[in-house]
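2 protein chains.
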Amino acid sequence: MDILALIFKKIGAYDRIIIHRHVRPDLDAFGSQVGLAEWIRFKFPDKEVHCVGENSDSLSYLATMDVIEDQDYTDALVIICDTANSPRIDDQRYSLGKETIKIDHHPIVDQYGDINWVDTGASSTSEMIYRLIAHHTDSDSEMTTDVARLLYAGIVGDTGRFLYSSTTAQTFEIASKLVKYPFDRAAIHQNMYELTPSLAKLKGYLLNQFTVNDAGVCSIKLTREILNKYQVTVEQTNALVHVYADIKGVKCWAMFVEEDHQIRVRIRSKEVTINGVAAQFNGGGHPFASGATVSNWDEADQLVHALTEVCQQ
Amino acid sequence: MDILALIFKKIGAYDRIIIHRHVRPDLDAFGSQVGLAEWIRFKFPDKEVHCVGENSDSLSYLATMDVIEDQDYTDALVIICDTANSPRIDDQRYSLGKETIKIDHHPIVDQYGDINWVDTGASSTSEMIYRLIAHHTDSDSEMTTDVARLLYAGIVGDTGRFLYSSTTAQTFEIASKLVKYPFDRAAIHQNMYELTPSLAKLKGYLLNQFTVNDAGVCSIKLTREILNKYQVTVEQTNALVHVYADIKGVKCWAMFVEEDHQIRVRIRSKEVTINGVAAQFNGGGHPFASGATVSNWDEADQLVHALTEVCQQ
Chain C
1 MDILALIFKK IGAYDRIIIH RHVRPDLDAF GSQVGLAEWI RFKFPDKEVH CVGENSDSLS
61 YLATMDVIED QDYTDALVII CDTANSPRID DQRYSLGKET IKIDHHPIVD QYGDINWVDT
121 GASSTSEMIY RLIAHHTDSD SEMTTDVARL LYAGIVGDTG RFLYSSTTAQ TFEIASKLVK
181 YPFDRAAIHQ NMYELTPSLA KLKGYLLNQF TVNDAGVCSI KLTREILNKY QVTVEQTNAL
241 VHVYADIKGV KCWAMFVEED HQIRVRIRSK EVTINGVAAQ FNGGGHPFAS GATVSNWDEA
301 DQLVHALTEV CQQ
Chain A
1 MDILALIFKK IGAYDRIIIH RHVRPDLDAF GSQVGLAEWI RFKFPDKEVH CVGENSDSLS
61 YLATMDVIED QDYTDALVII CDTANSPRID DQRYSLGKET IKIDHHPIVD QYGDINWVDT
121 GASSTSEMIY RLIAHHTDSD SEMTTDVARL LYAGIVGDTG RFLYSSTTAQ TFEIASKLVK
181 YPFDRAAIHQ NMYELTPSLA KLKGYLLNQF TVNDAGVCSI KLTREILNKY QVTVEQTNAL
241 VHVYADIKGV KCWAMFVEED HQIRVRIRSK EVTINGVAAQ FNGGGHPFAS GATVSNWDEA
301 DQLVHALTEV CQQ
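Residue numbers (this note's numbering), protein chains in the order written: chain C, 1 to 313; chain A, 1 to 313.
No wet-lab data here; the hints were simulated from the structure.
Beta carbons: idealized from backbone N, C-alpha and C, even for Gly.
A few of these clues could be false.
[What the hints assert, rightly or not] Under 10 Å between C-beta atoms, here's a sample of chain A residues computed to sit facing chain C:
1) P45
2) K47
3) H50
4) P87
5) H189
6) G204
7) F210
8) A215
9) V232
10) V241
11) V243
12) Y244
[As the list claims (entries may be wrong)] Which bits of chain C does chain A cover? Going by a derived footprint, with three or more residues having C-beta under 8 Å, they are:
13) 161-175
14) 197-203
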């Protein structure tokens, strides 16, 4: 039996299904989790389906989570969407279920499910949920407008609205099926890109005050004074780490954000591998997206110097 | 005979085909014009095919134009892409041809062609060119990678990368066919969004220095001093007129740009009709995108006041 048929069979076999996803949810986590839940509710109105995890202020327009008791896990099927490893599953009670299924598109870290369906070629877990649905329905119209809305949001979120190279011919084909349903696409896009006036002004500061050296290293120092002026938290600045991606000649960049006793550094790159530099400064991460920590502004300058050497190699 | 078959028959009947598009070309103008030309060259290697109009610095990565003589128009078929009315056709020699075909997706202003194919429901003229090609080929693979690249660029340009409501299920379906060809999508996206460091810094200034009033009217005044500081021309500021679109609470905005003897105003709106206000200040345009002219900063404040009244209605 293929994996899609097996998952469908399991869904059919349980009366109660509880769906989880990763902590600090993004659009694809919510979209795949709640999209799958809504579809099961539509297809099997008699089943009890719950979505579990913390609510998210910025995603509340998409859906809200259910509150359930520990005993609800007894005899339940648990499906975990969009989560590569078990410590990142939001609400660790997932392990109380009778059987667990992992559905994910991230590189495999931990095969924590009794059944594991991982497709790293999929743009998003929402795309995989669409394929699961399409595999078991004869016509294009076998879902609700709300399911289409949730899966579209997930795909748009994880592909940067069809920007990243993970966007395939199949991704576009699925988008073409989803947008036939009359959900409000503009509302999803608006929620993705909307900035408060203070965040917009901080974004303006970031774009206005950066320096870029001859090697293509761009950097910005956000002092506590600046954060106070714009009334934003260290966490909120995370939403703006991509602001330098489209500037001509910039190969990589470091955003220094002053905390109480240290300076947090977010390092991003378009061309050069920067996790080696991050490792030199109490950090690490992916080749093009890493984090580090320095203790003062002199050390910040040393980090910029190290990035410059990488760019000049 | 349907219009697509008729156009295809005309293309087959002429030995020389000259393709035009509108002045101040954008991605869809270039994409549809050169995409069609490349496809005709691929399909009919013996025909002589020319693309006419001014070259564009910012689009030179896509294609460059051909230089032809007046007598080349004798006995030629002329196809004009993406142009609603004849005064906007780049290179008015289009009228020297033996027969003309208009292919366009804008609302009809002027049916200047002997044959006119206008589909205002299409996201872009590039999308229409894809349909013309698909109508006459049995398989998905009947084009070259370069044709796919040009049509994708046109679609992405006119839909704001699948953002605007003109993006339909068919648009996504066509995108799914085009991206099967191995052209460099990232290069197209990069060229769309890349900013020079000085334009990036001006964008930062715009996002940092705007004011927004209680009615949701946002405004910014770009003096000649500011333009000089950032070394950008009045024309270049046009690329940044959308910077306020994603700010929460902003209903409409006015960007004032000081010229030698007057102040140019670009007005944009998300919710309210603003061309009435533009008309009061020596201007006009579309309901959500207009232009005006004021003679001093006092008059600029009056225009903001007029926009405020519109927002409060």
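Right, here's what the structure says about each hint:
1. Below 10 Å, beta-carbon pairs count as interface contacts, and P45/A has none with chain C, the closest being about 28 Å; its hint is therefore violated.
2. Violation of the interface hint for K47/A is found here, the shortest Cβ-Cβ separation to chain C being roughly 31 Å, above the 10 Å cut-off.
3. Given the 10 Å rule on beta carbons, the hint for H50/A is violated: about 32 Å separates it from the nearest Cβ of chain C.
4. Residue-level restraint check for P87/A is violated (minimum Cβ-Cβ distance to chain C is 33 Å; threshold 10 Å).
5. Look at H189/A: its Cβ gets to within about 6 Å of chain C, closer than 10 Å, so that hint holds up.
6. Hint status for G204/A relative to chain C: holds, with the closest Cβ pair at about 3 Å, below 10 Å.
7. Taking 10 Å as the C-beta cut-off, the interface hint given for F210/A holds, the closest approach to chain C being about 8 Å.
8. Given the 10 Å rule on beta carbons, the hint for A215/A is violated: about 14 Å separates it from the nearest Cβ of chain C.
9. Nearest Cβ of chain C to the Cβ of V232/A: about 13 Å, over the 10 Å cut. The hint is violated.
10. With a least beta-carbon distance of about 15 Å to chain C, the hint placing V241/A at the interface is violated under the 10 Å criterion.
11. For the restraint placing V243/A at the interface with chain C, the shortest Cβ-Cβ distance is roughly 9 Å, inside the 10 Å limit, so the hint holds.
12. Residue-level restraint check for Y244/A holds (minimum Cβ-Cβ distance to chain C is 8 Å; threshold 10 Å).
13. Under the rule that three or more residues need a Cβ within less than 8 Å of chain A, the assignment of the segment 161-175 of chain C holds, with 12 such residues.
14. Only residues whose C-beta sits within less than 8 Å of a C-beta in chain A count toward coverage, and the segment 197-203 of chain C has 4 of them, enough to reach three; the restraint holds.
Violation of the numbered hints given earlier is confined to hints 1, 2, 3, 4, 8, 9 and 10; the remaining hints are satisfied by the structure.
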